[in-house]
Each structure stands twice: as structure tokens, then as C-alpha cells.
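Chemist: Chains as they are written, first to last, in the numbering used here: chain D, 1 to 283; chain F, 1 to 416.
Hints listed in this document are in silico derivations from the structure and should not be mistaken for laboratory results.
Note that the structure is predicted; figures quoted are calculated from it, not measured.
A hint or two may mislead.
[What the hints assert, rightly or not] DSS-like cross-link-like pairs, simulated, lysine-lysine; straight-line CA separation at most 25 Å:
| # | chain 1 | residue 1 | chain 2 | residue 2 |
| --- | --- | --- | --- | --- |
| 1 | F | K144 | F | K134 |
| 2 | F | K144 | F | K310 |
| 3 | D | K167 | F | K257 |
| 4 | D | K167 | F | K248 |
| 5 | F | K262 | D | K167 |
| 6 | F | K58 | F | K134 |
| 7 | F | K12 | F | K144 |
The lines below spell out each chain.
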Amino acid sequence: MAKLLAAWIVTDVEGGLLLTTLSVFTAAALLGLRVIAGKRRGRPVRPLLTIGAFALTALLGAIIFGEGHPPIYRRYETVVLAAWVVVMGVLVVDRRARRPILSSASAPSLALLSLFAILLVPAPGAAAPDMRPGTIVHIVLAVLGFVGFTVAAGTGVLYLWEIRILKRNPSVAVARRMPPLEQLDRLNFFAAGFGFPFLALSVLAGWIFLATTPERATGWWLDPTVLATVAGLLVYGLLFLARACLGWYGRRIAWLSVIGFFLAVVGFVVARFCPSPNAIHIT
Amino acid sequence: MKRYVLVGLSHKTAPLDLREKCRIEDPVEAIRELRELADEAAFLITCNRFEIYAHGGKDPERVREWLVARLPGSSAELRPLIYLRTGRNACKHLFFVTASLDSLVVGETQIRGQVKQAYLAAIGAGGTGPMLHKLFQAALRVSKQVSEQTGVGRGNVSVAGAAADLAERVFGGLDEGRVLVVGAGETAELVMFHLQARGVAHFRIANRSLEHAADLAKRFGAEAGPLESLETYLPDSDVVVAAAGAEKPLISAGALKRALRKRRGRPIVAIDIAVPRCIDDRADRLDNVYRYDMEALSAVTEDALRHRRKEFIQCCTLVDAAALRLAAETRAREAGAWITELREAYQEVAAAELEQLERHLPDLDEEGRHRVRRTVYRIIRKLLHPPVTALREGRPEEAEVIRRAFRAGTRRGRGR
Numbered sequence: 001m002a003k004l005l006a007a008w009i010v011t012d013v014e015g016g017l018l019l020t021t022l023s024v025f026t027a028a029a030l031l032g033l034r035v036i037a038g039k040r041r042g043r044p045v046r047p048l049l050t051i052g053a054f055a056l057t058a059l060l061g062a063i064i065f066g067e068g069h070p071p072i073y074r075r076y077e078t079v080v081l082a083a084w085v086v087v088m089g090v091l092v093v094d095r096r097a098r099r100p101i102l103s104s105a106s107a108p109s110l111a112l113l114s115l116f117a118i119l120l121v122p123a124p125g126a127a128a129p130d131m132r133p134g135t136i137v138h139i140v141l142a143v144l145g146f147v148g149f150t151v152a153a154g155t156g157v158l159y160l161w162e163i164r165i166l167k168r169n170p171s172v173a174v175a176r177r178m179p180p181l182e183q184l185d186r187l188n189f190f191a192a193g194f195g196f197p198f199l200a201l202s203v204l205a206g207w208i209f210l211a212t213t214p215e216r217a218t219g220w221w222l223d224p225t226v227l228a229t230v231a232g233l234l235v236y237g238l239l240f241l242a243r244a245c246l247g248w249y250g251r252r253i254a255w256l257s258v259i260g261f262f263l264a265v266v267g268f269v270v271a272r273f274c275p276s277p278n279a280i281h282i283t
Numbered sequence: 001m002k003r004y005v006l007v008g009l010s011h012k013t014a015p016l017d018l019r020e021k022c023r024i025e026d027p028v029e030a031i032r033e034l035r036e037l038a039d040e041a042a043f044l045i046t047c048n049r050f051e052i053y054a055h056g057g058k059d060p061e062r063v064r065e066w067l068v069a070r071l072p073g074s075s076a077e078l079r080p081l082i083y084l085r086t087g088r089n090a091c092k093h094l095f096f097v098t099a100s101l102d103s104l105v106v107g108e109t110q111i112r113g114q115v116k117q118a119y120l121a122a123i124g125a126g127g128t129g130p131m132l133h134k135l136f137q138a139a140l141r142v143s144k145q146v147s148e149q150t151g152v153g154r155g156n157v158s159v160a161g162a163a164a165d166l167a168e169r170v171f172g173g174l175d176e177g178r179v180l181v182v183g184a185g186e187t188a189e190l191v192m193f194h195l196q197a198r199g200v201a202h203f204r205i206a207n208r209s210l211e212h213a214a215d216l217a218k219r220f221g222a223e224a225g226p227l228e229s230l231e232t233y234l235p236d237s238d239v240v241v242a243a244a245g246a247e248k249p250l251i252s253a254g255a256l257k258r259a260l261r262k263r264r265g266r267p268i269v270a271i272d273i274a275v276p277r278c279i280d281d282r283a284d285r286l287d288n289v290y291r292y293d294m295e296a297l298s299a300v301t302e303d304a305l306r307h308r309r310k311e312f313i314q315c316c317t318l319v320d321a322a323a324l325r326l327a328a329e330t331r332a333r334e335a336g337a338w339i340t341e342l343r344e345a346y347q348e349v350a351a352a353e354l355e356q357l358e359r360h361l362p363d364l365d366e367e368g369r370h371r372v373r374r375t376v377y378r379i380i381r382k383l384l385h386p387p388v389t390a391l392r393e394g395r396p397e398e399a400e401v402i403r404r405a406f407r408a409g410t411r412r413g414r415g416r
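Only chain D is shown next, with the shape it has when bound in the complex (with noise of 0.2 Å):
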């Protein structure tokens, strides 16, 4: 395994790009705990992210005419499709709210799925999968959807933090770097309203195209992949409904969106590594 990887990596552009993401990534990632820690300012990871955003962008353009296919037929094409999404709109984020903190404190999640990503990267030579245009949509919903919850989840756990140092230690240096409550408030709720039409659409294209595939397993709709996605989905309903309803606000709503992400991952994690009827297309 090693040593195709060490060779795929020498000799294949994409494999050299997505090890050129996971080292600036890795730079960002350590840069970015000194600047969380309070050892240094928040300068440098910015331009560390945008290089990265860079090589993704370069890697999806080499799956795409290179391979001819969009970067949702390998495990490793959408892991890179979810990093590039998610490191586009922290940059976006970051540049609107100006607090590095939000950029120094994504570094680590975007290292760990450049690695993620090197990890799941097939043998040389396997051929890419057979696809129904209705998995297509189902995966690049999904993405989409995933994105939208993990800056969600992301921003509710920065929100927990930020109300902990605000209401035990509010005069520790991390705290003047980070972005406003009401920011990361407003930021988790318009992330998980983008995810959350998203993964419900999904999750309707995946039932349809189930529904229609004849290899489908008797009681697939008990499968844990689609109970874990709607049970987060069902939290993030809750979400919206406890917002609108009662009034929730602050700590239980970021409370909320991390635990629907939770959900959601185990969702993904049982359809990608676990044998499941969602898993019966995807190499």
C-alpha cells in the first residue's frame, strides 16, 4: 500500500497536487494552534488557505478533463470536493468577518481531510465506477449539504467555547481574536439553512434512485446510513423549529447543529466504510 501510494504520488499530477494541499494544509493547521493558543497573530493562514484553495481548485480541474468524469466518482474525489467547498467559504467567511481565528481554527479539519482524502486514493489503474445520473445528483447534494453543516457545526463549536471563555475568563488572549456571538450565531444558522435543503434533497434523490435500482436489499430504507442522515436532519429541523417556534437562541441552537453533524458523519461514515445498500455504487 505504501508503495503504490509513494508511487501514484510521484508520478500522477493529481496525487502530487493533493499532497502539495495536505502539506500547506498542515502548515496552515500548526500555524493555526499557535494562533488559537495566543503564541502568534493570525496573519499567515490566510495566504496558507488561499494556496491550498488553490492546488484543490488545479486537483478538481485535473479529475475533471482529465478524467472526464465530475470529482464525485471516487471516495477521494469527494473528500476533495468537500475540502475545496469548505475552504472556499471559510475564505469567504474570513474575509467578511476579519477574524483570523475563524481560518486558523478550520486549518486543522481541512488538514485532516487532505489526509483523509490521500488515504481513500484508489491503486493505480482502477478504473473509475459506472454511474446513474441520479447518484450523481444524490452525491453532489450531499457535498453540498455536508458543507453546509460542517461550517454549522464548525461555528457552534467556536459559539460553546466563546460563551465559555465570555463567561468564565474573558480576559484571556484568544478572546479579542474571536469573531462576535451574534456573528458566529447568525453565521451557524445561515449555514445550516444553506446545508439543510441540501441534504434533504439528497437524501429524497437517494431514496428515489434506491427505490429504483432492482439490487437493492430488502428493508433498505432500515439502513443505518439513511436513519443516521435523517435523524440529523431531523435535529437540524428541530433546529429551525426551535428558532422560529421558541425562541431558541445561542447555546442550544449551536448545541443543535453539532449534534446533527454528528449524526450526518455517522450517516456518511456507515455509507462509505460500513456494507450498506449506499455503498453498493461507490468504489
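Keeping the supplied structure of chain D fixed, place chain F upon it in accordance with the hints.
Modeler: For chain F alone, coordinates are given in the frame of chain D:
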């Protein structure tokens, strides 16, 4: 660089009652007097310092004497309180002052504006020339650099400012924030002043004495009411500033809970700067209520001060670099003048010798004359190249030696 002079006194050397007496009635006249002692002069007068910056002049001591003569007290008493610095030390002092590193509260931002005002006043009074222009512009530049590149101005060192900071950390901007102030004393007014500076426009004041509340409300365009209206005001308030003396808490956790329910969970920042405290400390357990008392606010201000002290070394590096840059610029300026003078002197000698030569060689044609002239001037250029380079790039002491050796700047090197 060596000709810059600073004479002055500050909160670090002189008591307040002496600083209070440092006044200049007629700045134009004072500048005129100082220009008899130096080529250029400017005053920097703030509540913490009285300083004269000058350039040129024969004896810096005379500037000190000028200041001593204008202060009450004997010369022997005053001289130890008045500092005199020259050259790079004088320049660095102004850089430190402008970057707020010499202020009573390190990192305060007012001083940069005061230095700018002093500079403009000196220009208006005709006290500045090229050297003070350079000095003041470099000082303002370094101050900007310090505030942008270091954290020396970050954090708030006053309790009122820290309270406003904390409210901003919850709400972001306070432009649309509504503030309820409980009490109408000086502390309440100070916090209102800080919050107004951050953009707060809607204030409500609740106080035992409606008269006092109305008085304060008038100054801030606020609404005033009695203490009994607290419960009515609370749901509509994003920030509550409690600054009223009371035996028992005036704002209970229950009242805040009811207010939160009416606000549909939107946060409330409760600043309790009263001693004894007048917001129930059980409010800490409520979600979306951020309560800060004097203890918490003091921790924030102390932390900011500690942070500023930590940044001091980085600031010193920036100031040192700026002083070196200014020294290089000043040296280049002085070297430029010397080089011109040196060249002119040697060219005059050459011209005189050529004239003599042409008189002795009347048969020399125009072409020959031209060639001789070009050769002589080329020799001068080549001979002067090493001293000119050394004047431009060498250390000040070396430049001084060369200047003396070649008699540049003395107008004695012409061989007349």
C-alpha cells in the same frame, strides 16, 4: 542627526503642579525667540509633558535655560527636573512619545493626535524646517507602524472601556444596541461616554432620583425613569450597566430570566460596576446572560496592561529601526550638501589652474583646450570618488574625518 535637541519635562520627571504651570501664551512669539537659539523649533504640550524639539543652534544648554527662565522656581531646583537630549536620543524620545510608549497609560491613542497638532502648530508658527519636518513625519509614521504591527494599543485599560469591549464581543457592533443604565453618578456617565464612543445611540437611565437621571439623560439624549421602571426597561435592553449604590441587588436573576423570555433568548450583557454589587450573581447561571462585576472587569484591564508591557520590546525594535532610518536620511542629506561643496571647491581650483595654463599656451587650439579641460575634470572626478563614496555610505565619524581632511563644508578648500 547630532543637531536635534530635546528639552522638556514630563510626568516621569516633574510633579503635576509644575506641569500645570507650563503654558505658552503666545506660541508664535515663543517660536520666534527659540529660533534665535536654534534653526528650527516646535513645542509638544500635553497634560503630561512639556517638550521643546529643536534643530541646529550652537548650544543646546541655551534652550534649557530658555525653558528654566519661563518656569516658577530657582534654576537649581528646576534643572534636575528638565531633561536635555540631543541627536538620536532626542529623535527616539519623540518616537517613543508618539507611539504612546512613554505615556502614563501605555498604548493610549490620544497622543498621536496631540503630536500631529503640535507639528501643525509649529508649521503655522513658522518654527519648522526640513529637519523637523523629517523628524515629526518619521515619528507619526513609526506610531502608525507600532499600532498596526504590535498589540500595544490592544485591550482596554479602563474599567469603562473594558465593559464596552465585552459588550462588543457579544454583539459585534453596538450601533443598534440599547443600553439601560442603573444609576446616574460619575461612573455611570463614564461608561455611557465609552459606549457612546462605540456607536450606542439608545440609552435609558433608571435612578432613584428622577431629577439626576433626567439631568444625565439630557446630556446623552437618553430616556430617564425611576428605579421602579427597571422591569419594564429590561426586556428591551441589550446591555445593562448597574452603577447605583444599593444594600440589596436591584436586578434579580428572576427579572433577567423574565426579560430573556421576552427577548426570545437574545443575550443580555450585564455590567455591574457598583460596590456592593447590584445585579444578583445567580444571573451567571442563566443562558445568554453575561454578567461582569468589578472583579471580572479588573482582570480584563490588568490582562490588557500585562499584554501591552509584553509588546513593549517589539515596539522598541520598531523605534530603533525608525531612528536608524532617520539617521541615514539625515546623513545622506548632510552628505549631499558636503559633496556638492567639495565638488564645487575642487572645480573652482581646476578652473583657476586651467585659466593660467591657457594663458601660458596661447597656441593651443579649441580642440586641444577642450581635451585638457575634460582630462582635468575627469581626474578630479576620479580623485574625489573615494571620499564621496565614503561620505555617502560611511559611518558618521568617518564622514566627519573625511569632511575635515578634504575641508568640505568649511569653504576653505578652494586654494584661494
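Chemist: Out of the numbered hints, which ones does the structure contradict?
Modeler: Of the numbered hints given earlier, the structure breaks none, since each of them holds.
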